[in-house]
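Visitor: From first to last, the protein sequence lines are chains A and B.
The first sequence begins at 1 in the numbering used here and counts up one residue at a time.
The second sequence begins at 919 in the numbering used here and counts up one residue at a time.
What the hints contain is simulated information worked out from the structure, not anything from laboratory work.
Cβ atoms here follow ideal geometry from the backbone N, Cα and C, with glycine treated the same way.
Wrong hints could be hidden among the right ones.
[As the list claims (entries may be wrong)] Taking lysine-lysine pairs in the DSS-like style, the calculated list, with each CA pair at most 25 Å apart, reads:
| no. | chain 1 | residue 1 | chain 2 | residue 2 |
| --- | --- | --- | --- | --- |
| 1 | B | LYS939 | A | LYS136 |
| 2 | A | LYS323 | B | LYS1329 |
| 3 | A | LYS107 | B | LYS939 |
| 4 | A | LYS579 | A | LYS545 |
| 5 | B | LYS1216 | B | LYS1263 |
[To be verified] A few chain B positions that, by computed beta-carbon distances, are all more than 12 Å from chain A:
| no. | residue |
| --- | --- |
| 6 | LYS981 |
| 7 | THR1212 |
| 8 | LYS1216 |
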Amino acid sequence: MLDSNKDSLKLEAMKRIVAMIARGKNASDLFPAVVKNVACKNIEVKKLVYVYLVRYAEEQQDLALLSISTFQRGLKDPNQLIRASALRVLSSIRVTIIVPIMMLAIKEAASDMSPYVRKTAAHAIPKLYSLDPEQKDQLIEVIEKLLADKTTLVAGSVVMAFEEVCPERIDLIHKNYRKLCNLLIDVEEWGQVVIINMLTRYARTQFLNPNINEGSGGDKTFYGSDEDEDEDEEEKEKNPYVMDPDHRLLLRNTKPLLQSRNAAVVMAVAQLYFHLAPKAEVGVIAKALVRLLRSHSEVQYVVLQNVATMTIKRRGMFEPYLKSFYIRSTDPTQIKVLKLEVLTNLANETNISTILREFQTYIKSMDKDFVAATIQAIGRCATNIGEVRDTCLNGLVQLLSNRDELVVAESVVVIKKLLQMQPEKHSDIIKHMAKLTDNIQVPMARASILWLIGEYCEHVPKIAPDVLRKMAKSFTNEEDIVKLQIINLAAKLYLTNSKQTKLLTQYVLNLAKYDQNYDIRDRARFIRQLIVPTEKSGALSKYAKKLFLALKPAPVLESPFKDRDHFQLGSLSHLLNAKAGGYQELPDWPEAAPDPSVRNVEVKDSVRAVGTVTFRDTGGLWDLQGPQKVEGKSDSASGSESGSGSEESGSGSESVESEEGSESEEEEEDEEEKNKKKKKKELKKPVQETLTILHLVLCLQTIAPSSALKNYELLHRITGEGLSVEYCFSRQPFSPDANMVAVQMQFTNNATSDTKNLHMEDVKLQSGMRVKEFPEIGDINVAVIKNKRSRSCSKFFVSIQPPVGELMRPIFLTENEFKKEQGQLMGMNEITEKLTLDAKCRNEHAIVQRVTTAANLSRVPCGSDKECRFAGRTVTSSSLVLVTVATKEEGAAQLTVNCEKMLIGTMLVKDILLALTQ
Amino acid sequence: MIHSLFLINHSGDIFLEKHWKSVISRSVCDYFFEAREKAVDPENVPPVLQTPHHYLISIYRGKLFFLSVIQTEVAPLFVIEFLHRVADTIQDYFGECSEGIIKDNIVTVYELLEEMLDNGFPLATESNVLKEMIRPPTILRSVVNTLTGSSNVGDTLPTGQLSNVPWRRAGVKYTNNEAYFDVIEEIDAILDKSGTTVFAEIQGVIEACVRLTGMPDLTLSFMNPRLLDDVSFHPCVRFKRWESERVLSFIPPDGNFTLMNYHVSSQNLVAIPVYVKQSISFFETGPCGRLDITIGPKQTMGKTVENMMVTIHMPKAVLNANLTATQGTYTYDLTTKVLVWDIGKLNPQKLPNLRGSLSTQLAISGNPRYIMTLKLSQLMLVDCLKVSRLDMYGEKYKPFKGVKYLTKAGKFQVRT
């Protein structure tokens, strides 16, 4: 059927083949016939062929190569779905020969226009890596590139690739950390899980322990080892802990995800809070985790495991939800047992009575395993909480008369452990238990009773030999573990009460000597040598009594979840309590915080990201930006201005704030998103000497291509109470978003005192200023600069009004291109003005200088010396702007502006006219 | 990430397998079968198993096991949640998730699995997106397909994949635009032997059925949002609006979906609408026991209790039940030892009662478990969440809107 011409027949055939694959039957014989159809036009057939190929290509490598060219063609298809699926299939074919092809395809796709294709590229990375680990270095490059991607679609996939290929390269995250934090809420849910887990690890290496100053207060310290505590305390006074703003950013941005419908996301956030948040804030996760308990039983199972670990360290967190852990008879046994565990962990003096009442009802359950677990839980409560020990013990003793043997046996074992704590008081219980030996058959329980009697034979001197007598009788029929205890009992009795038991002991030892189990034979031989005095008996026998009747420490009943928290919560390793393959250890907190500046290497990047978030949660954010490290220093031309101020002060201290702002416009529809921030940097002023101006890395005064920058005053130093602000348009491409214009701001403090906490509040963008469909024009930022000085703070209202000429970027055109483009922008799009040139600028050089100052354009080479041509594109809409200045005699000139956007054209004409005529 | 998936039916046959990386032999499932043997109930199989080379994570849904094989560290909840999503998707596509249905549509299911995971990492899990790529089968479509030769597989990238509203498909059109919301509140409660409440809480869910043309932007506001203690949302809900204004603002997915789950704060005491008087005793002397249950309404504020049903799990030793019910009918399943008493509407004048004798084997251990299910139509509890209004922006037509309230028993059980 596959050879048929009809698509419907082919489809039918393929469906049958795929059904075979799905059922796990071998369909590899059909490989040649199927591969032929890889180029089939019908998309459904094609898809099924892909499915088949991916499944069998590994087995039939040579034949699979036949299909490669189809995919290579597919990679160039204009349809993004086809490009993506071609890459998907290509990368899923596990044939080593095509590794170079795959590498090439991934690299290409990583810079594809469509984010969907880039996402597919990210998915392909781990596939290639598993096929050929030697490509790692090249793949890391691709990952690095994709990590810088700003679409939410890609973020999750690339972090997944990062985790699989190079989880140790934490340095790749630095630059993208803030971006990831901010994008997180919009990433699809599966990506969120991966990103959160990765960020948890990242944060553990980069930030300080927020709980470092606590822990001495009696509560168990959660983090850090005990030895560190003393040091911590000393340090406490010196360094009050200040949370890194990036740390705070992570915590704040993940919190809303607790409301996710996806249990995995909730768990991921919960573990992030548990591992990273200050103690006071961890509480928020409890409610969300309790909510998950309503979910499917498998989800409950995992959540309860994690809750159990958490309750050991942070009992208070879950105490209000105690009742949510009550057990329903319909729960599966494994859930019941876990809930018991949690209840036991939560038990304390105040709630123990309620919990015990609950336990009492559980004991009546039909589920035997569960009853046994309950009895053990009671035992643990009793050991942990002294007040109820007697009550528990009495309750357990009552259980000894239960009809069910398993219940009795379990109680015996638990009672034994409890009795060890205070044997003197309870000799009657021991007597009672001795009677039970006749009835109980469960070996573990019998062994426990025998051990008890042996251990405390002094409390029950009459019964003990009798029990031994009975046991000796049934010795041969007992289980091994019971036999060992009989030998022990005999030995102990021999030492304390040799008169009555000498013969019995001999008898038991003789029986044991011929036992089938070598352990028992060994034990018998060893004990005989030790206790029965013979001529040869060594020095040890003197100490026999000490050896056997030494006081034994009472067992500590511990939760099996005690030390599990060294695994990252929510991980597979934590669940299994064993390291799973590929598990990344959660690193300990660093002693000292690594340099936080690594995250702002690309200031523009990170701040831009912060800016986007501010739209959501308004304000506040600026405060969070910590002291930024300054990397570039330069004496700047503007130094003179600040000089005067510092001379007045005489103190020699001065702080200079340098700021980089950006402003941009986006699509017409979205008003809110329209403008981007300027950003602030806060600089401490470690400088003693005057006239030092610090610049942020990116503010280095490299001057835009062809002309000097024009400075505008934003805040005069008199109105600004000593602070003056100037801004200019740096004309450098704003790398995070090509659709934005960078604004560089320079802050100068001319006052005597420090200026601190300089930040922006309430950025208002007046959309009303904009004229119809020309969004480039009137974006006006009214910013309030808050200047907090000693205790008073001042607010200044300022606004930045970009001239239209700054809203474009230069492009390079050849003369021919210029003419061609100009030809297309005639009529309505052309504006011509006649003008008389200013006397000073009649030469070509001056004209070029003035035009480029007025507008960010580049010169187009031109044959005639009477004409100067300039070209550029508007930043937002990329519409072409062409300017021609044709000079005539006596300063007369003609200015022609061609621009698709008429309004821009008109405004530009005005600006250039002004520049040229003055 | 997820390496392979096996679907296993109740009797332990593997009837579908899918591998996303290289093929893993199905013999890996033997470890699972071993654990399955050990656990008596299928529910008791541990969801996570460790084998020498792999880890097995399984869920049990609709009498089927979804068993995934993984090789490296991954958050177990991630896998579990995904497997449930697979089951949900199958249910969404074919109406139910059962062995028969999957076998009938094995190719579609296989294609779905192919789309949902790429290299073991989830790719597209929103059913709206999937439905655009692989259209669910309908009778009409299969007829059209055979006649015209068109296919079930979409050839363009679903817009949802690219937009920031991945849950909604583009170009939805309806002649009747309607949006319905069901506010369902479930009472979870444990009553002890004497009928006092050990634990009770109310969990609610808002199920929505939205069939609106275009890209509507809805805002749902409540009269008493204060009641909500803990909530979880469908990803479409804008969290910031909720935080600041306590309204749900969202662009809905097309069709049926769960808008929100919530928990009503437990400060207010939960009024249990019925009371139960029960006594069950087994005689030490002879092979029989006695059962007597009476149920009556309590604090229902004039609303009637409907669909009342009592399920009793008897101890294994109970052989048969010989009872008389004053209202409704009862059945006793001898193999599962479950007694079901279907009462129906609760009549406050004549209280339903079930009494009679049980014949048992001699040794009786354990007590029966009661589970009650009941349903109250209309809102009845004082602390019921009430919707105040629904506004729509972004589209011009007037939709038909409706809200229905329902209170029913969730995990409601009586201890003995």
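Visitor: Run every hint past the structure and note whether it holds.
Guide: Cross-check of the supplied hints:
1. Under the criterion of a C-alpha separation no larger than 25 Å, the hint pairing LYS939 of chain B with LYS136 of chain A is consistent with the structure, at around 19 Å.
2. With a C-alpha separation of about 14 Å, the suggested pairing of LYS323 of chain A with LYS1329 of chain B holds against the 25 Å cut-off.
3. For the proposed pair LYS107 of chain A and LYS939 of chain B, the alpha carbon gap of about 22 Å is at most 25 Å, so the pair holds.
4. Straight-line distance between C-alpha atoms of LYS579 of chain A and LYS545 of chain A comes to about 44 Å, which puts the hinted pair past the 25 Å bound.
5. Distance hint between LYS1216 of chain B and LYS1263 of chain B is fulfilled; the C-alpha atoms sit about 14 Å from each other, no more than 25 Å.
6. With a least CB separation of 14 Å from chain A, LYS981 of chain B remains clear of the 12 Å interface cut-off, as annotated.
7. Its beta-carbon lying about 21 Å from the closest one in chain A, THR1212 of chain B satisfies the requirement of being farther than 12 Å from that chain.
8. The non-interface label for LYS1216 of chain B is consistent with chain A: the shortest C-beta to C-beta separation is roughly 21 Å, beyond 12 Å.
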